[in-house]
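Undergrad: Chain by chain, the residues run as shown.
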Amino acid sequence: MSAPGHRCGCREFTRSELARRSFAEAGRGLPSIEPGMPVPAGTGMTRRSLLLRGGALALSVYGASMLRPQAFVEGIARAAGSQGKVLVSVFLEGGIDALSILAPVNDDTYRRLRPQLRLAPGAGPAWTEDTRLQWHPSATPLHQLHGEGKVTVFPGIGYTNADQSHFTSRHYWEVGELSTRADTGWLGRLLDVVGDDENPLQGLSLDGSLAPSLATARVPVAATWGASYDLWAPGVWGEVEDLMFESFARMGVAAEGSRDGGLSGAGRVVRQAGALRTQLKAFSDEIDSPVAYPDSEHFSESLAGLAAMLGAGLPIRVASVGAPGSYDTHDEQTGSFGADLAQTCKGLLAFQRDLEARGLDDRVLTLVWSEFGRRPEENGDGSSAGTDHGAGGNAFLIGTAAKGRMVGEWPGLKSLDEDDNLRSTSDFRAVYCSLLEQWFGVDAAAVVPGASGFNRPALIG
Amino acid sequence: MSVPVYRGRFGAAQAERLLWRAGFGPAPGQAARLSRKGLRHAVRSLTRPRGKAKLRGPAPHDDDGLPLAPGDAWGHDLLWWLDRMVRSDQPLNERMTLVWHDWFATADVGQTTLNLKQNELFRKCGLGSFEELLLAVTVDPAMLVWLSGNENERGAPNENYGRELMELFTLGADNGYSEDDVREQARALTGWTNDWDESRGMVNFRFERDRHDYGRKSIFGKAGNFDWRDSCRLCIDHPAHAGFFVTRLWSYFVPTPPPKRTLRALKQQYRRDRNIRRIVEAILMHPALYEGPRMVKPPIVQIAGMLRARRRGIDTDSWTWIADEAGQRLFQPPNVAGWDEQRWLDTARIGGRWTAAAQNTRAAEIDPDGYDPKETAADAVRKALRFWGNPSLSSQTRGELQRFAARVENVATDDWQQASYRGLRQNALRILIAVSPEFQTS
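For the protein sequence lines, the chains are A and B, in the order given. Just so you know, we're using numbering that gives the first Met the number 0 here: the first sequence kicks off at 0 and counts up by one. Just so you know, we're using numbering that gives the first Met the number 0 here: the second sequence kicks off at 0 and counts up by one.
No lab work stands behind these hints: they were computed from the structure. Ideal placement from N, C-alpha and C gives every residue a C-beta, glycine not left out. Keep in mind that a hint or two might mislead.
[Stated by the list, open to error] Non-contacting residues of chain A with respect to chain B, defined by C-beta distances greater than 10 Å in every case (computed):
1. E92
2. A338
3. D360
4. D442
5. A457
[Said to hold, decoys possible] One-sided and incomplete, this derived list gives chain A residues near chain B with beta-carbon spacing under 10 Å:
6. D162
7. E176
8. T179
9. A181
10. D206
11. S208
12. V218
13. P219
14. G234
15. W236
16. S325
17. R374
18. G385
[Unchecked claim] A few chain B residues that don't get close to chain A, going by computed Cβ distances all over 12 Å:
19. V4
20. Y5
21. A11
22. G37
23. G64
24. I235
25. R271
26. R311
27. R361
Please build the complete structure, drawing on both the sequences and the hints.
TA: See below:
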């Protein structure tokens, strides 16, 4: 897999313009929410906490769905306003080059293996926990948060006998075990243990499709594009629209009960869509953030929206966002790596500051991960130089509650694994076990297969 | 040993399923017509059409009424192909092109004309020999750029294509090859390059002897001075390939895995000549397709199918972002593994399908003022079904539509509401049909 070398900014702009136009159009003919619509008790939501279309209140029972609409609304109300812990998963797609995020700039082997791609000494700040390593200049925001004790670094994370397939390795990370057969995500299984039958928002994928880490077997989860969700029904409004959405959800419930697996799966999603629309219909995509985000990219918008939703008390437990860019840098690594990493790190810093400004920072941790690191020895020559798939890589746990001490040491370049890749000095499954137990207070054995075989690095406090 | 053939009733409902699985759904009345041919002739009318494909129906244009410019204008690549899906009288050919676009998933390499050329390759070779297709794809310019084949040279091999050749295209992950094989394949594949032209971009894709590693390689335990052709043939001859090939091809048409005996028979047949068409025919006539569970329609198939049902041509750019929202932006698969068919549906993507349905109903939106104040619930449902070309729906779905229609009458208490609510009801019913769980599947 490869990143297309040429990205056209104007193309992205056109797309977002088109999307904007469509949403404007989608809003046509929709009645604004009428003042005085009932709001479920105990949602903890106020006008101040949410910016809403038409200035009315959110979480209305407009089109309340399913056979037991009241149970559903109570489900949200129960979970809303909770002070529960939240984990945000940020995926760096493609396998990010660990030796470029934290570079051993003075290491002779590094200089020999990376004639084109090596970073110059002094180009970025030194990493205080192991001064042989230096942050990529684009990772300066992480350096800043690390200095405040808010970043736990995993300098050599992975697993033994690492698989060098994007899809296999990523799948292992997503399901939390080294099995190609597992079909629920590790965060999905957490939700199956602690989640609510009626609340899709508890597991929220913000990139327009379900993040496999969040795939559940039992409880509903949601996927959105950013922070808003609505379904556009031209030529339908008022009471008829209410009845239509009820029927939509009823068709979902009925199909979900079918013995036909294909129909049942479609029914499940229809039911969840009906529920989610009720939760987010009134949520504006114009977010009033207390801090400035780097720009209007989807990553920033998603994080800003997520902070606003958490601030409003929406019942989110785990969320997933993809970092901007692709890190599968087989060639022309210098072309895109720095800019993508800068976008990612600036967004993460802004998100942390946003949470701090909203007083939510004690409740939220962000795990930044990638499917593997890249080969220490670069390929190609000249400006085409890149790196092939590797093994040991980097991950970061960000948040005020993070312990801020590295887990596992830097594996070094002296003894590579049998495929000439970086060894791993911490196992991602051990990190999952620690997060489950130390952050969520859940027995890891109920979520991660073979949990008792992993150590528990101290991640909190 | 032969592949089992479906012996049950082949009526309009079965023909409708066949048209969705092997094409883009029926135009109004088409399923009934196809069913009258009987299963074998129906399948062969799809797999062995005569002559060149003809495009029937209104010519495509963008929002400004201008002809499409697939190589230049943003999103027109998708519109151009969607138009073929909607209008071609050889839908299976387009469907197979879609299969290969997913199988050899290549995203936009920054020069759309290269992707369009690859698309023509899939259309031309999509039902012939898989060996020929693989050889052609391996040195196809878009693929050479996408998986770094043009950066792979002697002394500095790039593993990108060699790995995916085995993992995704011919054998399957971790299925009979080692990391050493990946590295040796990369060496065998060295030699391809291209030039850069200021005005035309990437041009002159070619094999250069100086860039090829002529040394001995060892792949799958065999040694030789292998080149890119050997690289492909070694994969095709690998004992794990036939099983991978027929299982993956099967998965595009039937949601449950092939039964063991069927798998054996299909493998045997495939090994004879690596012919794609005959395997597709066997799958399309298999009992599992007609007797097994429903299958989620890929988003672009769903969108094309709605347009076919409406006999509507491409008349707006919006389909590009709607397809994206629904989870299948053509020419931009999420990665080289293609789209994840297990996850066509989630709350975000059903939102895209909803938007696609609403795009169609809005184009024929009913003004509630002056609507027939006496229309019965049953008439309303019948009219809404006709809007979508009378898709076959279960009694359960029809029952829910009927119930909705009746409830609207119950809340229409005032005189002025009798016409107006019935108008709104018709708009709503049309949407409900197209977003029903049943209509997401075939």
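Undergrad: Answer holds if the nearest beta-carbon of chain B is closer than 10 Å to that of G385 of chain A; otherwise answer violated.
TA: With a minimum Cβ separation of about 7 Å from chain B (threshold 10 Å), the hint on G385 of chain A holds.
Undergrad: Grab the minimum beta-carbon distance between A11 of chain B and chain A and tell me whether it stays above 12 Å.
TA: 19 Å, holds
Undergrad: Quick check on D162 of chain A please, does its C-beta sit within 10 Å of some C-beta on chain B?
TA: It holds, given that the least Cβ distance between D162 of chain A and chain B is near 7 Å, below 10 Å.
Undergrad: Is it correct that the beta-carbon of A338 of chain A has no partner in chain B closer than or equal to 10 Å?
TA: 16 Å, holds
Undergrad: Let's test the interface hint: is any C-beta of chain B closer than 10 Å to that of W236 of chain A?
TA: 7 Å, holds
Undergrad: Say whether it holds or is violated: G37 of chain B keeps its Cβ farther than 12 Å from all Cβ of chain A.
TA: 26 Å, holds
Undergrad: Would you say Y5 of chain B is clear of chain A, with no C-beta pair closer than or equal to 12 Å?
TA: 18 Å, holds
Undergrad: Does T179 of chain A pass the interface hint, meaning its C-beta sits closer than 10 Å to a C-beta of chain B?
TA: Holds, about 7 Å.
Undergrad: Just to be careful: measuring from the Cβ of S208 of chain A to every Cβ in chain B, is the smallest value less than 10 Å?
TA: With a minimum Cβ separation of about 6 Å from chain B (threshold 10 Å), the hint on S208 of chain A holds.
Undergrad: Could you check that no beta carbon of chain B comes within 10 Å of the beta carbon of E92 of chain A?
TA: 8 Å, violated
Undergrad: Mind verifying the non-interface call on D360 of chain A? Its CB should be farther than 10 Å from each CB in chain B.
TA: 28 Å, holds
Undergrad: Per the stated criterion, does the least C-beta distance between R311 of chain B and chain A lie above 12 Å, as a non-interface residue requires?
TA: 16 Å, holds
Comparing the model with each numbered hint stated earlier shows that hints 1, 7, 9, 12 and 27 do not hold.
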